[in-house]
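As given, the protein sequences belong to chains A and B, one line each in that order.
Each step along the first sequence adds one to the number in the working numbering, with nothing skipped, and position 46 is 106.
Each step along the second sequence adds one to the number in the working numbering, with nothing skipped, and position 247 is 307.
Not one of these hints is a red herring.
All copies of an identical chain are treated as equivalent in the list; a pair is satisfied when it fits inside any one copy or across any two copies.
For lysine-lysine, the following BS3-like pairs were computed, each having C-alpha atoms within a straight-line distance of at most 30 Å:
hint, residue 1, residue 2
1, K317, K375
2, K571, K493
3, K459, K349
4, K311, K349
5, K463, K311
6, K494, K571
7, K349, K463
Just so you know, the hints here were simulated from the structure itself, not pulled from any lab data.
Note that the structure is predicted; figures quoted are calculated from it, not measured.
2 protein chains.
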Amino acid sequence: MDFRDIDGPTRREMIGGAAALGAGAALVQPAALFAEAGSLADIRKAAEAGKEASIKRIRDWIALPSIAAEDRNMPEGAAYFAQLARDAGFSNVEVVPTDGHPGVFGTLDVGAPRTLGLYFMYDVKQYDPAEWSSPPLEGRLGEREGLGTVMLGRGSANHKGPEATFLAALHAIRAAGRKLPVNLVLICEGEEEIGSPHIHQLVTKPNVLAAFRKCDGVFMPTCLQDLEGGATIELGAKGIIELELVASGEKWGRGPKKDIHSSLKAIVDSPAWRLVQALQTLVTPDGNKPAIDGWFENVRLLTENEKKMIREGIKHTNEARMKENLGVPHWVDDLSLEDAMVRLMQDPTVNIEGLVAGYTGPGGKTILPGRAVAKLDFRLVPNQTRAEAVKKLRAHLDKRGFKDVEMNVSGGYDPTETDPNSRLIRAEIATYKKLGVRPNISVRLAGSWPGGSFTQPPVSQPVGRFGLGTGGNAHAPDEYLLIDSTNPKVAGIVDATMGYAEFLYTFASIK
Amino acid sequence: MDFRDIDGPTRREMIGGAAALGAGAALVQPAALFAEAGSLADIRKAAEAGKEASIKRIRDWIALPSIAAEDRNMPEGAAYFAQLARDAGFSNVEVVPTDGHPGVFGTLDVGAPRTLGLYFMYDVKQYDPAEWSSPPLEGRLGEREGLGTVMLGRGSANHKGPEATFLAALHAIRAAGRKLPVNLVLICEGEEEIGSPHIHQLVTKPNVLAAFRKCDGVFMPTCLQDLEGGATIELGAKGIIELELVASGEKWGRGPKKDIHSSLKAIVDSPAWRLVQALQTLVTPDGNKPAIDGWFENVRLLTENEKKMIREGIKHTNEARMKENLGVPHWVDDLSLEDAMVRLMQDPTVNIEGLVAGYTGPGGKTILPGRAVAKLDFRLVPNQTRAEAVKKLRAHLDKRGFKDVEMNVSGGYDPTETDPNSRLIRAEIATYKKLGVRPNISVRLAGSWPGGSFTQPPVSQPVGRFGLGTGGNAHAPDEYLLIDSTNPKVAGIVDATMGYAEFLYTFASIK
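Extracted from the complex, chain A is given alone in its bound form (with noise of 0.2 Å):
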């Protein structure tokens, strides 16, 4: 739903794990290293032959924009990726339909000691033109300071660059005459933006469920790298959900049905106060820290192997840098860095996205409004589960005669965990190190996406994602996907598909 940031590959390590930022030089190879690394040439040279419809092939998916929240090219952008699968060599290529939008599954067997699980999406971000500076659906190229040249584009980072760069992976080791070193089984989703809502429908359709549990790991491609050159490993990432807490006259039977002249105040009762009164029970006085009854019960601690991670983690962050980058003068509680970071990987999380009610516009103007929304979201650790959170705030709310206010939830999602010494986990450590890119282990992401649909059962699966490249707006105005690097440390379109060969190579080969 939201595991690439706002801003780019700088927030986006801080995000991600408080990794990299400010990271010294001398840990990086020099970015020549991509094109040596490996014993992959012929497959190089045919990534870069391939490199123009390679852009072509992302700034064409670009152009047709699936968004599950506007009900959009949401048949059509299933049917767009089921061809794109079968172009790259997938089989048995199928539009799986479920209750919302429909996903797509294919296969891809070349009869391979091992099997590689694929999560993709083919939704975007809603976007609006008028705050790009390049039309967001026409994928032109551009330069950015420091980094190179850079495909403009909705989609373009978040995911449909990535992913399609992982199929250019597949078309060169195609078109250097070699067969796959794994076999692929390979899920996407059109609901990805707005939570998952029917995921699981997807991955537990039983032909489907058969070809996951048959693989060592699930992996969605993405650019992690940040501008120094790392990337980020994450053992995991918080759950998360989505919801609109609704206060209304309508269900609550007093107050007004809609909204009312504002002198009446004085003898009507007031949702908007009646939400306000509602939200204010949720958190501590500070806004802090969540105080619903029981929400820490199965929040499980940070070990202190874990902890140890996350201090490996920051000796590089330059925590004014990062603070400046973010508009954040202070960490809450003015918590050192070391404790801040614990605190984002292991804290769970209640948080206004927006408020909505009555009048919005400029100035005022003297209504009772009879209907007040708040968008929340609640970030869940392990041992959490959505289903146990939902429960739980909703007897909150019961319990303190608020059983009118409804909850609208909209999406979300379990924690996922991911043993570090699964064969996915090492195979992305050991590729990163081959290319030169320091890989840097994070506890979990403090961002949420749907892995968890993959590590619980039925499926059970280590989830990952890796990915060389970089990009950044994603959800963001003027979202891009780096092309042509210019920063030695960090790898361009090319380098990154190969980096999706190699990973898929050592994936074949790691004990």
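On the provided structure of chain A, position chain B as indicated by the hints.
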């Protein structure tokens, strides 16, 4: 600012004083009497002859919307009204600059013993043509069930229609070859809909102040009849402050300066939560009573006489219909109608007009907003003052550590009280009675209007509103003014014109 309701005459009466809803027809003389009453047959003839010109005057004025909140047509609106005033016989008409938008001042001195003050406004409320059934600037005529022919247009009821109708009375008196029975002093402001922030500058300009101090009262033309033919006379109005409370990372020095990724809530303070926590201190837990330190210190409770007036006023009120019209099943605290009406007149309020923070579109967006805004209005009762209330609110927030929470006061004014024995009110009552209209004496308007600018020093005049006819949907789509009445109890535009003429003669002659 909002002394008209948003739903037409039935609701207005409730706001104005819980008066006439469901009043028995037996109390009311037939509307034919509008034509008989008085000895102004020559003026009526002129008013009838001038009817089309009168309609055109309103329509042409509606075509030039002056909207202070949007800084739209403000100098143009002042100049336009100045010409309307000159056309109606005012001399020395001047556009008076302020630190905000200009007003218009003029006098009409006929050497009469008595002088009447007039308060006009030339601005109108914002509108969205898409919500209207008729173009809001075209002043088209249409039929309204139970009323007759109405003119639809922004400002038709609030307040261009009644004001232009008063000017029509001056035209008719002149056309009949008569001299006015009183001198007139006129001020017209352009910022009524944003809370009259500069009216004090207008009324204290030396020549304006000198002219108003010679008056025997100041009145505003309006159309105050209910569907049973009664008309409300308010002996005052609540005051108001309108403001935004703004919590922001920028001012706070904590939290983010702009929207950031919501996963960071674990380590970054939230201005939205801060706003919620600040808000909830302002009212009792049920949201129904101000809880601001010292708020009730100067509140004058209603006298037994005033409560008796309220009991009189609700004798004919159909409470069930009132609640149904409002969409409100219960008054606060399940009060009886009588107790609710006492509360309506007597109590100050703290109301949330609107809440705006972060993401406000459909679904969710995982951000931690850098800024959160609550739009509030505070109704004030005698003897609270606007200045006192602003100061106490600031002190209340400061004391609780919310010094950074900004208070952007956009408008407001003190409560108003007028002596029921003043010549102005006695003339209003006498005129209504003469015309067969039942006067509903209301303790005060639960809404607000800038009458306090005239009742207080240095002007120190009784103020009141007066006018036959009706209209509705002020501040809302399809605002309308009754032109030709099919309801024998409610005046159309010619009878409303004659109502003003009668009032001027009554005011001139009453002891």
